[in-house]
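Construct the entire structure; sequences and hints are all you get.
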Amino acid sequence: MKTFFTTGKGICIVGIGIGITAALLQKLGNPPNMGVCVACFVRDITGALGFHRAGVVQYIRPEIIGFVLGAFASALISKEYRPRTGSAPIVRFLLGFFAMIGALVFLGCPWRALLRLAGGDGNALLGLAGLVLGIGIGLYFIKSGFNLGRSQKTYFSVGLVMPVIAVGLLLLLITRPELKTGALFLSTKGPGALHAPLLISLAAGLLIGFFAQKTRFCTMGAVRDAMLIRDFHLMKGVIGLLAGAFLTNLIVQQFNPGFTGQPAAHSVHFWNFAGMLLAGLAFALAGGCPGRQLFMSGEGDGDAAVFVCGMVAGAAFAHNFAIAASPKGIGPLTPLFVGIGLVTCVVIGFTMRKKI
Amino acid sequence: MMPDRIDARGLSCPQPVVMTRNKMDTSKSCSFEVLVDSGAARDNICRMATGMGWDVQVTEDADECILVLSKK
Chain Z
1 MKTFFTTGKG
11 ICIVGIGIGI
21 TAALLQKLGN
31 PPNMGVCVAC
41 FVRDITGALG
51 FHRAGVVQYI
61 RPEIIGFVLG
71 AFASALISKE
81 YRPRTGSAPI
91 VRFLLGFFAM
101 IGALVFLGCP
111 WRALLRLAGG
121 DGNALLGLAG
131 LVLGIGIGLY
141 FIKSGFNLGR
151 SQKTYFSVGL
161 VMPVIAVGLL
171 LLLITRPELK
181 TGALFLSTKG
191 PGALHAPLLI
201 SLAAGLLIGF
211 FAQKTRFCTM
221 GAVRDAMLIR
231 DFHLMKGVIG
241 LLAGAFLTNL
251 IVQQFNPGFT
261 GQPAAHSVHF
271 WNFAGMLLAG
281 LAFALAGGCP
291 GRQLFMSGEG
301 DGDAAVFVCG
311 MVAGAAFAHN
321 FAIAASPKGI
331 GPLTPLFVGI
341 GLVTCVVIGF
351 TMRKKI
Chain D
1 MMPDRIDARG
11 LSCPQPVVMT
21 RNKMDTSKSC
31 SFEVLVDSGA
41 ARDNICRMAT
51 GMGWDVQVTE
61 DADECILVLS
71 KK
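Those sequence lines, one after another, are chains Z and D.
Quick note: the first sequence, position 76, residue 76 per this note's numbering, numbers continuous.
Quick note: the second sequence, position 34, residue 34 per this note's numbering, numbers continuous.
Keep in mind the hints are simulated off the structure, nothing from the lab.
One or more of the hints may lead you astray.
Cut-off 25 Å, straight-line C-alpha distance, at most; resulting in silico cross-link-like pairs (BS3-like, lysine-lysine) [stated by the list, open to error]:
1) Z:K354 to Z:K143
2) Z:K354 to D:K23
3) D:K23 to Z:K143
4) D:K71 to D:K23
5) D:K28 to D:K72
6) D:K23 to D:K72
7) D:K71 to Z:K143
8) Z:K153 to Z:K354
9) Z:K79 to Z:K9
10) D:K28 to Z:K354
11) Z:K153 to Z:K79
12) Z:K189 to Z:K328
13) D:K28 to D:K71
14) Z:K27 to Z:K189
15) Z:K143 to D:K28
Model, not experiment: these values are computed from the prediction.
Printed below as a string of structure tokens:
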């Protein structure tokens, strides 16, 4: 059914809206060049629950909660709530795991790569180049028959799992329990301590989730469709995001061009490239960027929810095993695990091909 | 000879589009059906097919959607 939101103009306006919102969230307290970063924010939630011990990146990000609940509401209203699961869940978990490892080597998901570029961080160009190449490799597999198999319709309640988890996280954030174990773990310094007011962040997340579900906004899909079928529909949303964030950054004086000293970023060019290469390949094989996976999990897609769980595990592992990069550079085990991730994705790509 | 109906139910993007595109490129008939069960797949196929000059008729029921693609 054609609606305004499925037109090129619709997705472009939503992209601009996301860009402006992200830049304003930074102005209101979110970390610089990190207005909305799906990978970083899922990592922060992972830390707040105590699954990793990096004390500077622990906070329950209301934006992520809003993404899931906004998409859930939109899907319910437009009758697109469709509980489904069973398309190679454990492989999707692995792809989520390694996508997160790749993203944390670059220090951002594709959304943040665009926001970093819009803030003047030249290192983002290396990440975006890696992302495009990773998606290109994924397309090679897709063209040669790669697929994760069909999902099956399932019970109404199965699709509620992620929205209910999102409500649970919101309750944790509001009540902020203080247990002897140290939970709830909330950063007192570093990026995790920087956040916009809760209600504003939540409202922003809800709005983005609602409209992104309607438009099927997806950064990975934008590159994939442009390369695969010369379809630039989703790309209009991505360009809108970049333009919206860039212009807002100029207006509120958040634009600082350069490669060095950029916030929550490093300048090890090869690993910025290689991290996003891994992430891009994993996103392409899983059929969506991390934002899209969250929106689909809100629509009732249990397989996308498993991908998100993989991202949580990947974030915990990346920080506990010194794989995640920091502004000082990469960790000692970064090369090993980016290599393992790439080999894993290539094996998945080669071994899951058949004519449907 | 490929069947004149593609069943893309349960498949995630971009598989439904890839299957439809392959059929458009190889089909000798002027019309075929695609069965999908997600709004994203329906929208993507409609956009691609109309962009390539094909006519698309959409019939929806509760969970599924039949797209009839015809060469103009």
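Legend entry - Numbers of unmet hints, in rising order: none
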